[in-house]
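Engineer: Each chain, written out:
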Amino acid sequence: MKSLSKIRLILIIASVIIGTLYATPNFFNTSQKAQSSNFLPGKKINLGLDLQGGSYLLLKADMDIVFAEKLDSLLSDIRTLLRKSKIGYKKLSIQNDIISFQKRGESSNEKIKSIIFSLDKNLIVENKIESFFIKFSEQNKKNITKTTMAQAIEIVRRRIDETGTNEPSIQQQGTDRIIVQLPGLDDPSRIKKLLGKTAKLTFQLAHPTIISEDLDKNSKAPPGFIKLQEDKNPDRFYMINKRVMVSGEMLKDASPTFDRNNSPSVSFQLSALGGKKFGRVTGKNIGRAFAIVLDGKVVSAPVIQTQIFSTGQITGAFTVQETNDLALVLRSGALPAPMVILEERSVGPGLGKDSISAGKIASIFGLIAVMVFMLITYGMFGIFANIALVCNIIFIIALLSLIQATLTLPGIAGIVLTMGMAVDANVLIFERIKEEFNSGRTILDAIEAGFQRAISTIIDANLTTLFAALALFSFGSGPIKGFSVTLMIGIVTSMFTAIVITKYIVFLYSKKKDVNSVFLQD
Amino acid sequence: MKLLRLIPTNTNFDFLRVKVIAFLFSFVILSGTFISLMVNNLNYGIDFKGGILLELRSKNSYSPNINELREKISTLDAGEVSIQNFGQETDFLVRIQKQEGDQKEQIAMIEKVKSLIEKNYTVRRSEFVGPVVGDELKTAGFYAVSLALLSIMIYIWFRFEWQFSIAAILALIHDVLTTVGLFSILQLEFNLATIAAILTTAGYSINDTVVIFDRVRENLRRYKSKTHYFIYNKSINETLSRTVITSVTTLLALFIIFFFGGAVLSDFALAMIWGVIIGTFSSIFVAVSLLTYFNINKGEKVDDRTNIPEYEREN
Chain A
221 MKSLSKIRLI LIIASVIIGT LYATPNFFNT SQKAQSSNFL PGKKINLGLD LQGGSYLLLK
281 ADMDIVFAEK LDSLLSDIRT LLRKSKIGYK KLSIQNDIIS FQKRGESSNE KIKSIIFSLD
341 KNLIVENKIE SFFIKFSEQN KKNITKTTMA QAIEIVRRRI DETGTNEPSI QQQGTDRIIV
401 QLPGLDDPSR IKKLLGKTAK LTFQLAHPTI ISEDLDKNSK APPGFIKLQE DKNPDRFYMI
461 NKRVMVSGEM LKDASPTFDR NNSPSVSFQL SALGGKKFGR VTGKNIGRAF AIVLDGKVVS
521 APVIQTQIFS TGQITGAFTV QETNDLALVL RSGALPAPMV ILEERSVGPG LGKDSISAGK
581 IASIFGLIAV MVFMLITYGM FGIFANIALV CNIIFIIALL SLIQATLTLP GIAGIVLTMG
641 MAVDANVLIF ERIKEEFNSG RTILDAIEAG FQRAISTIID ANLTTLFAAL ALFSFGSGPI
701 KGFSVTLMIG IVTSMFTAIV ITKYIVFLYS KKKDVNSVFL QD
Chain B
3 MKLLRLIPTN TNFDFLRVKV IAFLFSFVIL SGTFISLMVN NLNYGIDFKG GILLELRSKN
63 SYSPNINELR EKISTLDAGE VSIQNFGQET DFLVRIQKQE GDQKEQIAMI EKVKSLIEKN
123 YTVRRSEFVG PVVGDELKTA GFYAVSLALL SIMIYIWFRF EWQFSIAAIL ALIHDVLTTV
183 GLFSILQLEF NLATIAAILT TAGYSINDTV VIFDRVRENL RRYKSKTHYF IYNKSINETL
243 SRTVITSVTT LLALFIIFFF GGAVLSDFAL AMIWGVIIGT FSSIFVAVSL LTYFNINKGE
303 KVDDRTNIPE YEREN
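Protein chains in written order, with this note's numbering: chain A, 221 to 742; chain B, 3 to 317.
Don't read these hints as lab results, they were simulated from the structure.
On a predicted model such as this, the values are computed, not experimentally measured, just so you know.
Cβ coordinates follow ideal geometry from the N, Cα and C atoms, glycine included.
Among the hints, a few may not be true.
Only part of the chain B face toward chain A is listed, based on derived beta-carbon distances under 7 Å [stated by the list, open to error]:
| no. | residue |
| --- | --- |
| 1 | Val131 |
| 2 | Ala146 |
| 3 | Asp216 |
Not the full set, but computed from the structure, chain A residues with beta-carbon under 10 Å of chain B [claimed, not checked]:
| no. | residue |
| --- | --- |
| 4 | Ala589 |
| 5 | Val590 |
| 6 | Leu637 |
| 7 | Asp680 |
Please construct the entire structure, taking both the sequences and the accompanying hints into account.
Structural biologist: Below, the structure is given as structure tokens:
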């Protein structure tokens with residue numbers, strides 16, 4: 221019989237040994253680090269957050285705000301450029317995401333257009349008689365989103381790293397989303413707080429005469445100024461010069477400290493360039509108030525006592541935790557876009573442990589139940605099927621470890637389910653052999669024919685199931701994806717074990733032993 | 003050793019004779035599904051509806067009281083809140099509808115609940131799904147199920163003939179719909195795991211159907227002079243032992259997940275238990291019964307993959 225070739229036997233034994241080697245680390249309670257010095261290859265299966273405990277956050281960058289900001293800065297670029305090119309204009313403004321202006325004087329429309337295109341050739345510029353309309357093209361938006369997301373991921377990573385969270389995973393999803401996974405962290409409220417701030421810090425001079433006491437909700441800002449709320453007291457307002465003296469990008473360092481009155485504050489250090497700029501402005505404005513603005517709100521508005529260069533302190537009504545967080549977000553830099561939390565899932569370590577032990581119990585009981593059933597139904601063949609089943613489970617665990625797939629609770633259910641379904645291929649084969657035998661063939665012929673005919677059925681049946689698993693994979697997120705991966709691996713390994721391993725054992729048995737026909741009869 | 007025999011050898015049941023009764027049964031459960039969907043709709047979990055979910059366990063020193071918990075949380079004025087026991091007496095599942103306002107309000111509500119109950123309970127799990135994500139997951143779930151059905155249909159069309167593919171897909175839709183119906187009638191939470199259960203059920207059911215169809219195809223070539231009725235019945239009978247044994251081993255595994263897999267998996271296991279039973283039923287009584295309405299050619303389209311030797315073919 222061809223099937224009993226030495227090469228086949230070697231292949232089977234080798235695959236089982238390799239599988240066992242890769243599966244073994246999962247049965248020891250060693251940490252990932254201790255394993256690296258281990259003699260065994262491979263690593264343990266990655267446990268999903270639902271099993272090891274941890275938090276999953278899905279963030280979305282609010283790109284509309286970024287587009288609006290970029291449009292604002294485009295507007296000032298256009299203004300500067302038109303002035304420089306000595307082109308008269310009026311009514312330069314933004315409405316519904318479109319910059320518009322009317323030209324004054326004799327400049328040709330083509331010239332104005334080409335000047336605007338010199339800023340960015342992807343812009344959409346339309347022109348009707350005297351009026352010009354400029355807006356971002358899809359390409360512009362794409363580029364802006366791309367750079368914004370790259371920055372945002374970097375900043376999110378820095379902020380999370382600073383909290384000392386273990387092995388966080390931060391990935392982009394789709395165009396404007398970020399998935400943050402924090403193993404071992406079951407209460408992500410601090411992280412959420414840290415990511416909730418964009419932390420755009422600016423120092424801006426206050427209005428020389430209009431003071432907070434004069435302002436209320438309805439006050440209007442004079443040109444060049446903007447009315448801002450106080451951070452801790454939404455009823456208190458400040459009139460602030462729109463021009464920014466120094467911004468957060470010029471910050472070199474920030475750390476929590478205490479001020480003279482022993483209340484929590486944040487001390488900062490500016491870069492050389494920032495220090496120079498800050499020194500120049502503060503030197504000219506001694507006696508005037510300036511505002512420390514964080515994310516569009518005034519943290520405090522101290523009066524400039526002396527010229528300040530590169531170091532200073534931010535005081536406000538802070539708690540110690542708040543100064544820690546503020547220093548952290550200032551150090552890590554501002555987020556280029558506000559982050560919105562779309563989805564959050566946190567699992568505590570207790571639930572994770574319980575799920576693992578429930579999964580273990582279900583797997584062991586499932587295995588025993590199926591094996592006992594196969595034994596009492598098929599006798600000797602049942603033992604063969606059980607050997608194949610054990611090999612199958614070893615292969616599943618080994619493959620999951622090898623590709624470092626993430627095992628989730630539904631994934632464990634997938635393994636237990638596979639135990640039930642994996643014997644199907646063996647059942648198909650044995651039933652077919654019985655049938656062939658009962659229709660009058662000799663045992664050896666029946667075995668040969670049984671395998672041959674069952675295999676086409678096995679392949680058809682399993683491939684269709686594989687389609688369902690693939691659909692699940694394409695749709696799945698997190699735990700569901702984990703389930704579909706175990707299901708797919710289970711389908712493939714159960715086909716392999718039935719077609720290769722069971723077949724070999726059955727042929728070996730029927731050749732070596734003087735097979736009596738009892739095990740095929742009632 | 004005396005072996006267990008669930009199905010005697012060489013059965014000769016006339017499955018197709020009860021075809022009408024089986025169709026009637028399917029009609030009843032499908033009607034039940036549609037009526038329940040209209041009246042009860044589905045009890046969508048936060049995965050699809052958006053909202054907040056917390057799993058709590060009372061601390062050792064505290065004897066839990068669901069009414070007290072209810073009262074406490076009702077002080078938050080969070081809108082629709084459902085609190086239920088989960089798995090064991092000390093555990094509770096708190097579901098809170100999505101809050102008015104933006105995502106910040108949702109996050110704030112989680113914090114509020116947490117600080118309200120932290121003296122007596124530990125939070126074992128907290129989930130928040132925004133409405134945008136919920137809608138996306140719903141669409142994705144719908145596409146996944148459709149994609150699975152479509153690809154299965156095409157595969158069977160390719161491997162068998164179009165009549166088989168129609169019959170198989172109708173049986174499959176029958177299984178998917180009635181599983182959804184089970185969730186609607188029992189008002190079990192319909193969430194991401196349910197979609198997984200439905201798709202796995204579909205995979206199992208089609209597996210069953212394909213095994214029987216495979217035999218039908220083979221027998222159509224083998225018994226050219228026999229009626230279709232005879233051939234279909236014979237094919238079901240010949241594969242019956244396998245159908246039952248595989249169902250039993252799969253159900254064994256599923257019942258073990260149901261009883262020992264923890265509260266999180268119990269609904270999932272229940273959906274699949276139903277799915278395996280209904281899938282087995284539909285493979286025999288829906289898929290094969292539907293074949294009787296097509297006049298399928300016996301082996302004109304020569305396909306000798308099954309490779310029946312000349313001497314075995316009936317003349």
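Engineer: Now tell me if each hint is right for this structure.
Structural biologist: Verification of the hints:
1. Residue-level restraint check for Val131(B) holds (minimum Cβ-Cβ distance to chain A is 5 Å; threshold 7 Å).
2. Given hint, Ala146(B) at the interface with chain A, holds; its Cβ is 3 Å from that chain's nearest Cβ, closer than 7 Å.
3. Hint on Asp216(B) holds. Least Cβ distance to chain A is approximately 4 Å, under the 7 Å limit.
4. The beta carbon of Ala589(A) is positioned within 10 Å of a beta carbon in chain B (closest approach about 5 Å), and the interface hint is therefore held.
5. Evaluation of the Val590(A) hint against chain B yields a held restraint, the C-beta minimum of about 5 Å falling below 10 Å.
6. Against a cut-off of 10 Å between C-beta atoms, the interface hint on Leu637(A) holds, since the closest Cβ of chain B lies about 6 Å away.
7. The restraint placing Asp680(A) at the interface with chain B holds, with a minimum CB-CB distance near 5 Å, inside the 10 Å limit.
Checked against the numbered hints given earlier, the structure satisfies every one of them.
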